[in-house]
Amino acid sequence: MKPKVAFFDFTSCEGCQLQKLNCEDELVTILSAVEVVNFREATSVRRDDYDIAFVEGSISSPTCVERIRKIRENAKVLVAIGACATTGGINMLKNFRPLEEVREYVYGDKAGYFDTLPVRPVGQVVKVDYKIHGCPMDKQDYIETVTALLSGREPRLTRYPVCVECKTAENPCRYDFGEICLGPVTRAGCGARCPSNNAICFGCRGLVDDPKTDAADDVLRERGLSVQDILKKYRLFCGYAEVAQ
Amino acid sequence: MKEPEQKLVVPNGWLEALVRKLRVQGTRVLAPVERDGAVDFREINSADEMAANYVNTRVPLKEILFPRTETILEFDQPSGGDVVFSGVEANAAPTIVIGARPCDLSAIGVLDTVFNWDYHDTFYGQRRANTTFVGVACREADGNCFCGSVAGGAGENEGSDVFVRPTADGALLEIMTERGKKLAQSIDDAAPAAGKEEPLPVAATEERFDVEKIKGWLDDHFDDDFWLDVSLKCLGCGACSYLCPTCHCFDIVDESDWRGGERRRNWDCCSFALFTLHTSGHNPRPDQQSRCRNRLMHKFKYFVERFGRRACVGCGRCIRVCGAGQNIVNVLIDITRAEAATSGSA
Numbered sequence: 159m160k161p162k163v164a165f166f167d168f169t170s171c172e173g174c175q176l177q178k179l180n181c182e183d184e185l186v187t188i189l190s191a192v193e194v195v196n197f198r199e200a201t202s203v204r205r206d207d208y209d210i211a212f213v214e215g216s217i218s219s220p221t222c223v224e225r226i227r228k229i230r231e232n233a234k235v236l237v238a239i240g241a242c243a244t245t246g247g248i249n250m251l252k253n254f255r256p257l258e259e260v261r262e263y264v265y266g267d268k269a270g271y272f273d274t275l276p277v278r279p280v281g282q283v284v285k286v287d288y289k290i291h292g293c294p295m296d297k298q299d300y301i302e303t304v305t306a307l308l309s310g311r312e313p314r315l316t317r318y319p320v321c322v323e324c325k326t327a328e329n330p331c332r333y334d335f336g337e338i339c340l341g342p343v344t345r346a347g348c349g350a351r352c353p354s355n356n357a358i359c360f361g362c363r364g365l366v367d368d369p370k371t372d373a374a375d376d377v378l379r380e381r382g383l384s385v386q387d388i389l390k391k392y393r394l395f396c397g398y399a400e401v402a403q
Numbered sequence: 169m170k171e172p173e174q175k176l177v178v179p180n181g182w183l184e185a186l187v188r189k190l191r192v193q194g195t196r197v198l199a200p201v202e203r204d205g206a207v208d209f210r211e212i213n214s215a216d217e218m219a220a221n222y223v224n225t226r227v228p229l230k231e232i233l234f235p236r237t238e239t240i241l242e243f244d245q246p247s248g249g250d251v252v253f254s255g256v257e258a259n260a261a262p263t264i265v266i267g268a269r270p271c272d273l274s275a276i277g278v279l280d281t282v283f284n285w286d287y288h289d290t291f292y293g294q295r296r297a298n299t300t301f302v303g304v305a306c307r308e309a310d311g312n313c314f315c316g317s318v319a320g321g322a323g324e325n326e327g328s329d330v331f332v333r334p335t336a337d338g339a340l341l342e343i344m345t346e347r348g349k350k351l352a353q354s355i356d357d358a359a360p361a362a363g364k365e366e367p368l369p370v371a372a373t374e375e376r377f378d379v380e381k382i383k384g385w386l387d388d389h390f391d392d393d394f395w396l397d398v399s400l401k402c403l404g405c406g407a408c409s410y411l412c413p414t415c416h417c418f419d420i421v422d423e424s425d426w427r428g429g430e431r432r433r434n435w436d437c438c439s440f441a442l443f444t445l446h447t448s449g450h451n452p453r454p455d456q457q458s459r460c461r462n463r464l465m466h467k468f469k470y471f472v473e474r475f476g477r478r479a480c481v482g483c484g485r486c487i488r489v490c491g492a493g494q495n496i497v498n499v500l501i502d503i504t505r506a507e508a509a510t511s512g513s514a
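Residue numbers (the working numbering), protein chains in the order written: chain B, 159 to 403; chain S, 169 to 514.
The hints are simulated quantities; they were obtained by calculation from the structure and are not laboratory data. Think of the CB as a built atom: it goes at the ideal place given N, C-alpha and C, for glycine as much as any other residue. There could be a bad hint or two in this list.
Which residues of chain B face chain S? A partial, calculated answer using Cβ under 8 Å [said to hold, decoys possible]:
{"no.": "1", "residue": "T305"}
{"no.": "2", "residue": "P319"}
{"no.": "3", "residue": "P342"}
Negatives, chain B to chain S, calculated, CB over 12 Å [unchecked claim]:
{"no.": "4", "residue": "C171"}
{"no.": "5", "residue": "E172"}
{"no.": "6", "residue": "E193"}
{"no.": "7", "residue": "R198"}
{"no.": "8", "residue": "T201"}
{"no.": "9", "residue": "R225"}
{"no.": "10", "residue": "R227"}
{"no.": "11", "residue": "Y263"}
{"no.": "12", "residue": "G270"}
{"no.": "13", "residue": "D273"}
{"no.": "14", "residue": "V283"}
{"no.": "15", "residue": "Y288"}
{"no.": "16", "residue": "V320"}
{"no.": "17", "residue": "F360"}
Produce the complete structure using the sequences and hints provided.
Right under this line is the structure:
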C-alpha cells in the first residue's frame, strides 16, 4: 500500500510548496510511490487519513496552534519544510516589535478582527520528526527526505557550516570582498547557492548545530567588523537564535 | 634526496616537444593551468597552456589519484527481486603529470602508505600505476611554504618519476623510477649528464622550527588547554583537510532511491562533528577542541608511530585557505617553544 501524504501551509509565502511542484523530473516517480490526500495548491482532494504531513509556514495565531495540533494528531510523521516552519524564518522579524503595533500596521482599523501571537517555528508548538531547511526549501533536500522516508532510512541532515560547501565549490570568500556572510555559522545543505552566485549567505537554513562563534568573531574582527554588524543580518532568518535577541 | 637512476641534460624547448609527442600518442597530460586567477592541474594539449609562474596549485596533486567524489559500486533492485550489485571500474587512463611540486610528491608517499596498508585500494592503485609524475624544483616559495621545516625542501626529488632541475639553457632531468625511464624514451635531444651541470638555485625555505621536538611534546599533552586555544580559531569548514595533500579520510555513502543507486566515497574531514559520531549517538570527539587536536596528532604523532613518517609536507595550503587565519606554522612553533620550556625545567 502506498503511504498517504498531505501538505499544509501556515504563515508563509507558500513558495516551498511551489518548489515541490517544481520537481518536474521527479514528480511522476514520487507520485507513483505515494498517494496525495491533501494538498491545497495541487488537488481538490481533502482527507485527513495521512501518514506523512509536510508542513510549511510558521505558527503565528491561535488558529494556527489549533490546526497544527490537529495535524500532529493525524500524522504518523510530521516534516517541517522551509525556513518559516523550521526556524520561524523572516516572519520572526515581527517578534522584535510590539505585537499591537505590528497588527495595526498590517490590518489597519480591522486589527481587532485578527488575533495574533509571537511567531514560532512548528517545532516549538508540536513535535517535528524531520526538518527540510531553507528559504525556499531545497529541492534536492526534499527529494532526499522523501526518498529516505520511502526507503525506510534516516534522511541525511548536514551538520557542518555553509563554508564547507562553499570551499568545495571553489568560491572566493565573501569576506575577502569586505562583505558580511553568514556562511561560517549557517547549516549547509544548499550547496552554498548564494555565495556561488556572488551573494552573501543570508543564513536561511538556520544556525549550524555547533556554530564556532569564537572563530566567526575572529573573522569579523580581522576585517574591522563588529558583532553588531552581523547581528542585523542574523535577524533576517535567525531571529530565533539567542544571539540575535 | 635520493640518488637518481639516471641523469640527463636537455636543451630549452624539450618540454614543448615532449608534450606534443605525448598528445600525438593520445596520452593524457595534466599540468598547472591558470584559470580565473587560480592555478590547478588540468588537461593540456600544448606546453603553452601551462602557468608561467606559480608557487603551487590550489588543489593538491592528491585529487588526481584520489578524487573528491568517486562511485565505487552500483546496485539495483528490480521490483520484488534480489538486490543486484555491479562493480565499477576505476577511471585510470594512462596519465603524465607535469610540473608537480616536491611537497605534493612527497605527500603521494603518505597516500601510498595509507591506501596499501592493510587493504590494497584498487581505485587508487590502478591510477597510481598508470600515472607518471614529473616533478620540478621550486625556484620560488611564498611566506606560507614551510617544506624546509618538515620535509626535504624545494629541491627534493623523492616521489618524482622524473625530477626537473632547470638550468640556464635547459634542464637537468633526474630519472628516478622505471616509469620515469619509460617516459624518458619520449624525450628528444636528451644527453647523459656530464656531472658539470649547474641547476638554477632553488627557493630558500629556512627551518622555522625544530620538527623533531614536536612529537615528544604531543606524547605528553593529550589533555592540555593548548588545544582549546587552537580550536577557538577553527570554523570547522574543512577547507584545510580538503586542500591538504596528505589528508586521505573519506566517507562512504549510498546515493539511492528505493529502487537502486550507487555507492560513493567522498572526501571527509576530521573537523566535522559527524566524522566520529557513532550510531548510538555517542561522539568520542564531542567538541572542536578534540577534533583540532586529532588533526595535529594524526599528522605529527599517530602517523609517525604507525608508519614511521609525518603526514605534513609543508605545502602551506591550509594557511592560505583558512578564512579565520589559522596558521599551522605558528601552532607548531608554539609547540616547540612549549617543549623547550618543559625540557628546560626538567
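Query raised in the report: Checking against the hints above, which ones are violated?
Result: As far as the earlier hints go, only 16 is violated by this structure.
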